[in-house]
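**Q** Here is what each chain is made of, one letter per residue.
There are 2 protein chains.
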Amino acid sequence: MADSEGTTPTTSTPNSIRIVEVGPRDGLQNERVRLNPAERIRLIERLVDAGVREVEVGSFVHPRWIPQMAGTDEVLRGLHRQEGVAYWALVPNRRGLDNALEAGAEHVAVFVSSSETHNRRNLNRSIDESIENVREVVSDARQEGLTVRGYISTVFGCPWEGDIDFDRVLDIARELFAMGVAEISFGDTTGMGTPYQVRDGMTRALDAFGPERVALHLHDTRGLAVANALLAVEAGVTTLDASIGGMGGCPYAAGASGNVGTEDLVHLLHATGRNTGIRLEDLLGISRSLEDEHGATLRSRYHAYSRAGHS
Amino acid sequence: MADSEGTTPTTSTPNSIRIVEVGPRDGLQNERVRLNPAERIRLIERLVDAGVREVEVGSFVHPRWIPQMAGTDEVLRGLHRQEGVAYWALVPNRRGLDNALEAGAEHVAVFVSSSETHNRRNLNRSIDESIENVREVVSDARQEGLTVRGYISTVFGCPWEGDIDFDRVLDIARELFAMGVAEISFGDTTGMGTPYQVRDGMTRALDAFGPERVALHLHDTRGLAVANALLAVEAGVTTLDASIGGMGGCPYAAGASGNVGTEDLVHLLHATGRNTGIRLEDLLGISRSLEDEHGATLRSRYHAYSRAGHS
Numbered sequence: 001m002a003d004s005e006g007t008t009p010t011t012s013t014p015n016s017i018r019i020v021e022v023g024p025r026d027g028l029q030n031e032r033v034r035l036n037p038a039e040r041i042r043l044i045e046r047l048v049d050a051g052v053r054e055v056e057v058g059s060f061v062h063p064r065w066i067p068q069m070a071g072t073d074e075v076l077r078g079l080h081r082q083e084g085v086a087y088w089a090l091v092p093n094r095r096g097l098d099n100a101l102e103a104g105a106e107h108v109a110v111f112v113s114s115s116e117t118h119n120r121r122n123l124n125r126s127i128d129e130s131i132e133n134v135r136e137v138v139s140d141a142r143q144e145g146l147t148v149r150g151y152i153s154t155v156f157g158c159p160w161e162g163d164i165d166f167d168r169v170l171d172i173a174r175e176l177f178a179m180g181v182a183e184i185s186f187g188d189t190t191g192m193g194t195p196y197q198v199r200d201g202m203t204r205a206l207d208a209f210g211p212e213r214v215a216l217h218l219h220d221t222r223g224l225a226v227a228n229a230l231l232a233v234e235a236g237v238t239t240l241d242a243s244i245g246g247m248g249g250c251p252y253a254a255g256a257s258g259n260v261g262t263e264d265l266v267h268l269l270h271a272t273g274r275n276t277g278i279r280l281e282d283l284l285g286i287s288r289s290l291e292d293e294h295g296a297t298l299r300s301r302y303h304a305y306s307r308a309g310h311s
Numbered sequence: 001m002a003d004s005e006g007t008t009p010t011t012s013t014p015n016s017i018r019i020v021e022v023g024p025r026d027g028l029q030n031e032r033v034r035l036n037p038a039e040r041i042r043l044i045e046r047l048v049d050a051g052v053r054e055v056e057v058g059s060f061v062h063p064r065w066i067p068q069m070a071g072t073d074e075v076l077r078g079l080h081r082q083e084g085v086a087y088w089a090l091v092p093n094r095r096g097l098d099n100a101l102e103a104g105a106e107h108v109a110v111f112v113s114s115s116e117t118h119n120r121r122n123l124n125r126s127i128d129e130s131i132e133n134v135r136e137v138v139s140d141a142r143q144e145g146l147t148v149r150g151y152i153s154t155v156f157g158c159p160w161e162g163d164i165d166f167d168r169v170l171d172i173a174r175e176l177f178a179m180g181v182a183e184i185s186f187g188d189t190t191g192m193g194t195p196y197q198v199r200d201g202m203t204r205a206l207d208a209f210g211p212e213r214v215a216l217h218l219h220d221t222r223g224l225a226v227a228n229a230l231l232a233v234e235a236g237v238t239t240l241d242a243s244i245g246g247m248g249g250c251p252y253a254a255g256a257s258g259n260v261g262t263e264d265l266v267h268l269l270h271a272t273g274r275n276t277g278i279r280l281e282d283l284l285g286i287s288r289s290l291e292d293e294h295g296a297t298l299r300s301r302y303h304a305y306s307r308a309g310h311s
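Residue numbers (the working numbering), protein chains in the order written: chain A, 1 to 311; chain B, 1 to 311.
Treat each hint with caution, since some may be false.
As the list claims (entries may be wrong) - Derived contacts from chain A toward chain B, CB cut-off under 7 Å, selection only:
#	residue
1	Arg174
2	Phe177
3	Thr194
4	Pro195
5	Phe209
6	Arg213
7	Thr221
8	Val226
9	Ala256
10	Ala271
11	His294
12	Thr297
13	Ala304
As the list claims (entries may be wrong) - Output of the computed footprint for chain A on chain B, the stretches with three or more beta carbons under 8 Å from beta carbons of chain A:
#	stretch
14	46 to 55
15	284 to 293
No wet-lab data here; the hints were simulated from the structure.
Computed from a prediction, not measured in an experiment: that's the story for all the values here.
Note that the Cβ used here is the ideal one computed from N, Cα and C, for glycine as well.
So that you can see chain A by itself, here it is in the shape it has in the complex (with noise of 0.2 Å):
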């Protein structure tokens, strides 16, 4: 099977493409699958030699809630990491930097979304308390030297209030970047972006920031995923999430597709002349252990193409 198809690119759009795995991180908190810690720095650490630079290893949230989760301090102190890695761990809130901290977090994200609903039924809060919330982690983070990275969800549409104001998107992304948020992905937590919609919020988030500072968390809810990628980076965006064998996905539609698949989104950039720094082959092999080992529904089509025996 070929890596690559051999695609000259035929825009002028960057050639390089930096892609944050979160499959051990968003990816696991929405499976059925349990990983244990070791099980999980495994996972962590066969990604990062397929050529992962950037890792999502979990989330310091109390297990009553997310019980995937639970161990996160143990999967970060157990990490081989290497250089030139930026392992995120996800804090939700100043006890959850403390634990990060404690645990030897260089890298940590912070989260919050544009709508209001959706930003209540997650958090129990407001927009605004949550952004207070997160104010207070950002600046402890920072002035503990770490890196920050700030996620706005269902930026594309909400399942409870349709279409979001992409104006109040990019006030939000502001107010995160004036507190030292050093990037910020958008995302797109339950599918519901088009393709133009998508290149056009992108545009207009790099116009304002930079493509240094702005990265597409998308999700193939309704088949879209992959366009809407193409649409983006064609548009200028360098960053963008992805969860090995798609992984994970919206709580409130079990059985659909998740998180775009790490395989379907390096097979798509290399496939149209972009590069990742990752092997795909690997990533195949990756998410059949997911699959044999710890019996994981994986939904990427070309982790599902490479299981009908071509690989």
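Based on these hints, arrange chain B on the given structure of chain A.
**A** Quick look at chain B alone, frame taken from chain A:
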């Protein structure tokens, strides 16, 4: 669930797209599930009720080779045909054409591969021999006043031969048009096509033959079908084949995704401001029946999303 997200198209490309529904033939003939002629009639009539105006109803091939297509004569005879709808039947040879004529077919399709190896494996003869066979069938069909569609397979790559020379594809197309074929569906039979490759190939085909004679037949084997479709439509393609529920696919990669799902394609087109005349909600109901009543395993993304309780 919003059928269309209200996005206005931001390109000047065609706004009306013609979908050729191939599920009842290309879909079913590659699935384990078997529908009897009465069930196939019901499927076809529901598709037409959903707004489909072109549907491939079956194949006149010996049931020894493709048992799923046994009784295509009954299907064609039993259908309540609607004004303005084209009911296509695949005819592999003169005998198939005779049977199609006897059953009252007005629209027939012929096929040839652009890969010598694929053609030999599929039809046990060379491309040139296939073309001579097709020439006889098309000539006779035209004399009977039928409209003929030509399929050319593996135009963006063959599992055995790799890359296919698109000059050769265009040469085969020219031969078919010279015989009197009305339109040609260019088939990415095993989903090897990539976005810029598909755009470039389709641009050449459109330049050579004009949009009213060019159709694109995509498979989602490696997850690129929706992105390929978007770039093809932006390049001016106005006819796309699709299969309800994503049924069908490559017999050489069982378990992988098959034909691009009609739901996924229609959602893409509506979400990018184009019309198909098809009601997505109705398609989802048909896919649900295929699963619930017939036990089909469907792979279109939008269907999976709909099954997750969001339709």
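**Q** Let me make sure I understand: some of the numbered hints might not hold for this structure. Which ones are they, in numerical order?
**A** 1, 2, 5, 6, 11, 12, 14, 15
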